[in-house]
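J.: As a plain string of letters, each chain reads:
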Amino acid sequence: MRPVSAFAKVGLIALVVGAIGGIGAWLWLPDWLPPAAGVEAHRQDTLYLWLLVTSSVIFAVVVSFLGYSMWKFRARPGDMSDGAPIHGHTGLEIIWTVVPIVIVLAFAVAATVVLNRNESLKHGHMVVDVTGKQFAWSFTYPKRGHLHTGILVLPKGRQVEFRLHAPPTDVIHSFKIPALRVGEDVVPGTPTTVVATPTRLGTYAIVCAELCGIGHSQMRNILVVMKPADFARWLVAQKKLAAAPPPSSGGATDAAATFKSAGCSGCHTFTPAGSNGTIGPNLNNLAADATKYGGGETAAQYVRESITDPGKVVVTGYADGIMPATFGTSLTSAQIDALSTYLLKGGG
Amino acid sequence: MVAHAPELHAHDLHDDHGGGRKRSVWLRGSWVRAAWLSAALGLGAAGLVMLIRHLSGRVAYSDGVVQTFLLLFAGIGFTVGIGCFDYWWGYIIGRPTPAHEDHSSHGARVWKDYFKVNTDHKVIGVQYLVTTFIFFIIGGMLAEGVRAELATPGLQYFSPATYNALFSVHAALMIFLFVIPAFAGLGNFVIPIMIGAQDMAFPRLNALSYWMLPVAGMCMVSSFLVGPFDAGWTNYATLSVHGPPGQTFWVMGVQFAGFSSIATAVNFLVTIVTMRAPGMGFWRMPLLVWANLATSTLVVLGTPFIAGSQFMVLFDRIMGTHFFDPTHGGNVVVYQHIFWFYSHPAVSIMMLPGFGIISEVLAIHSRKPIFGYKLIAISTVAIGVLGFTVWAHHMFTSGMAPWLRVPMMFTTMAIAVPTGIKIFSWVATLWRGVIHLTTPMLFACGFLFTFVIGGLSGIFLAVIPVDINLTDTYFVVAHIHYVLFGGSVFTIYAGIYHWFPKMTGRMYDEGLGKLHFWLTFVFFNATFMPMHWLGMEGMMRRIADYPSKWADLNFIISICAFVLGASTLVFIYNMAHSWWKGAPAPANPWRALTLEWQVTSPPPIFNFDEPPQVVGSPYAYGVPGARHAIVTVHVPPQPEEIPVPVALAQATPTQREAIMSALKHILVVANQTVAGEPLIAAVRARAAADPIRVTVICPQNDPSDSWVVDESAVEAATRARLDATLAALRGAGIEASGHIVDRDPFTAVLDVVESDPPAEIIISTLPHTRSGWMRRDLVERLRDRTSLPVEHVVVDEPSESSRA
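Line by line, the protein sequences give chains A and B.
The first sequence begins at 1 in the numbering used here and counts up one residue at a time.
The second sequence begins at 1 in the numbering used here and counts up one residue at a time.
Worth flagging that the hints you see were computed from the coordinates, not collected in a lab.
Warning: the hint list may mix true and false statements.
Taking beta-carbon pairs under 7 Å as the criterion, some of the chain A residues facing chain B (in silico) [stated by the list, open to error]: (1) Met70; (2) Gly78; (3) Ser81; (4) Glu93; (5) Thr97; (6) Pro100; (7) Ala108; (8) Gly183; (9) Thr192.
Beta carbons: idealized from backbone N, C-alpha and C, even for Gly.
Using the sequences and the hints, build the whole thing.
T.: Structural data, given as structure tokens:
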């Protein structure tokens, strides 16, 4: 066989295989990515698609030539001859320098365009403040009377600017919503922002993408995308709830909210609050445990102490230094009392 | 593995310094002194710190401070105790120069020498490789722990803190104690010989670099004793600043490993720039040397940055500085800039030497010049230079200055171009070669497959909008393993198999090598390919627990990861067993042109008797008459040896019997080609390895391709060729006898095998197309029937009048 024709033949095979791979990528990509739930996500998925198609072709070309050579030019037993003394080919070398330059430049330019479009803020966008701390997310709607919530709810079709904060004494987290294809680190001491425009109704995962300590994998939350009218109704309901005077006794509703917003639910299992964390001790039988570990203290004293000074008594099987020691200052005394009552009563 | 030096020097060289009086094991450089000095200095320093703290009214014991001093001084104590500084110390205090200047700790003669400070680059290379593989195994077991935990959702075996430590220590060991130093080890062994030097430029510094390595490894592994570091190998502040005491162990480990790395790099730079053999211009350097030159430059420029970043973390922890503390004006993101300014080039540091190995292996095992030598060399340098301009692509979502992202994307994309050039050039090197699919070649080809995937997934991650989604997911885990396992580890394997005969003087087991390759290749891809999908679906990296929708894929990945881990055992067994009992390796089993293959296996103590003269390209395979270098070997005066035929002629019948039975019997079967040069060369090559005796048989088939056959004329011609052959062999001191047999070659061979069993059979024929024997599969049939090694020699110049 003449080498030139072999070269052309393998090249052809490579292109066919690459094309099949590219078409396969086109067909399967939607299965590999979570459903795109935002404007930005769709733009990114177009980039993904072209990257996959191009990669498939390049991969097919390389592997076809590699496989063909390994098979066709393999040495027969006892063959001690040398190969053809080919030292290079200027034309080929120019081609495989220039073609990749064109490809990567095209992607870099396309990426820049997509990035600029995704991050340009439109007039009238919504703002949500996101706070990440070990190991919980909380959300504030600054233009809705600083409404503070434990989950993220957004109206469909409205661009949102998330302003990300972490307490200066905390560690880096990363606010990420895979369905919206957005994410940005939450940096102690340095506010950051990220922009997204949800366009698909539904409930989506919010995760922490940056290793933030032992509760990293539990630092999850949800995003609910509603119709604008539903969102407006939800806002009214939430504001009412927030504006309602807290029950004088430190009611269970309030305490339940504290349990969530302070991040307790990230680590502790407490069925009435619907949490099932395993980082810290299970709180379902707290009254009994308080007697067991309290060493003569009243149950209320023990629980209060465990919240404000978690290192004092560490339950067997759990490590010291994991629960933040800052709740004594970040929560009001009334909140702590309410929380303590709520926990001891098993949520009642 | 032993006897790098002529035996007559051995006992001279073992004298200790000075007057030949051997000092006590407690006082001379030894493991005993290393143990007590390490303990004494470490505990002493820690005690002193505690005393000072106590006297100044503080709590005497504080994790960070005390452990820092303990580790620093224990580490230094170890290197001093083992003897790294003995020469310099003697020099400083003016001790008389040892009688055998330089050579007292050079070269290994017995296996114990590998456990001592040694200045021979070949010994250090082996020390590096064995040490790094120990840490490779430890790091691999930590990874299996990670996969065990992830096999099913929920927490089963480890607490979240331990889980975080598993992947942190895994990555730290693999990067700092395996990939980087394994390349340093291979380079140490190979580079000086490749460039025609006697050793590295600074042999004592070289030894010190090596002995820092176990110290660094012990720091990292022993962090499990105090609460292991668990902020990932990236060790981002502020998580690392708030982390457990093991953080100190990590920081000190990085310092020792970093020092080792920098010192070795300086050594390589000076060696390569100043010690090349006459005639080896830059454009005649093998590509591994180019790669090492570029890598060493990166190490020298980059490593101080990671050392600095980790010191800053340590100071924030123990000295109350606030580099990364926003409550006191520190900046958290700054850490990442400093860290990645080293750690991106570190990717090149972990990849470029592998590229060099691949260039060597592909050219040699496909018997072809490397395609586009200059462009490959230039692209190596380009990757190194560009490597310093892309660090922030690890930080697209870090909250750094947003404008910095787009420029960094363009430079990152630019790196794809020289990388692509290399891959295309390597594939083109295979085209029209004569490809010997040996184990190193399989690993090199496997590398091309996996590295293309790693490179392409890298382009995904360079595209900012796509990276924003994929960063910190399992896609990144897949990508780094395709680059660092499919890239670096595959090339390390290729390099070790390729140079194993040179290092140990023995051949590895090819069958086990191929088994190892296929297990590694298949299960590597089965482990890491599905991680791309997990990442795209949104599974974050570094999580101990995950939603159960990913349970099936994770379970499959874990099973494959366990098999991948087990495949390493095949490698370890092959290496250990072959080193111990493998077949002796010839000087140049791959028929390579580069200099390291022109010396014995293992090489002599100072590599070359005279500086070699480099006269051409290192890759001129297939070019008639091409040479890379002229190597002069001084043949030591040998005791007068009586050639075997002479001895036999003088011997009594009983002596004769004894002599004959001590000789290895080789049976040569040839007819028309019996006087061919390649055949006689093949016999001579055997005679050079072992004392042999040869039986030559010339089966006379019916030469049916002529119309008229004059049998007596044919026999006479054959007789003449046979006699000429026997005379040539006897002239070379080989005992040879031979006869013409009047039958089919197959039965003729079986007769000899029965009456006087040979150890080996050599069959010589014309090329396949013109050989009647080959048309009848003579070689295969004999192999099947006799189970003896059968070599087939092709003689392409029919000796005179073969068709008479």
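J.: If a hint holds in the structure, say so; if it doesn't, say that too.
T.: Now the hints, each set against the structure:
Checking Met70 (chain A) against chain B: minimum C-beta separation of about 6 Å stays under 7 Å; hint holds. Of the supplied interface hints, the one on Gly78 (chain A) holds, with its beta-carbon coming within about 5 Å of a beta-carbon of chain B, less than 7 Å. Interface restraint check for Ser81 (chain A): the shortest CB-CB distance to chain B comes to about 6 Å, inside 7 Å, so the restraint holds. Checking Glu93 (chain A) against chain B: minimum C-beta separation of about 5 Å stays under 7 Å; hint holds.
Hint on Thr97 (chain A) holds. Least Cβ distance to chain B is approximately 6 Å, under the 7 Å limit. With a least beta-carbon distance of about 4 Å to chain B, the hint placing Pro100 (chain A) at the interface is held under the 7 Å criterion. Taken as an interface hint, Ala108 (chain A) checks out: its beta carbon lies about 5 Å from the nearest beta carbon of chain B, inside 7 Å. For Gly183 (chain A), the shortest C-beta to C-beta distance to chain B is roughly 5 Å, which falls under 7 Å, so the interface hint holds.
Annotation: interface hint on Thr192 (chain A) holds; nearest CB of chain B at approximately 4 Å, less than 7 Å.
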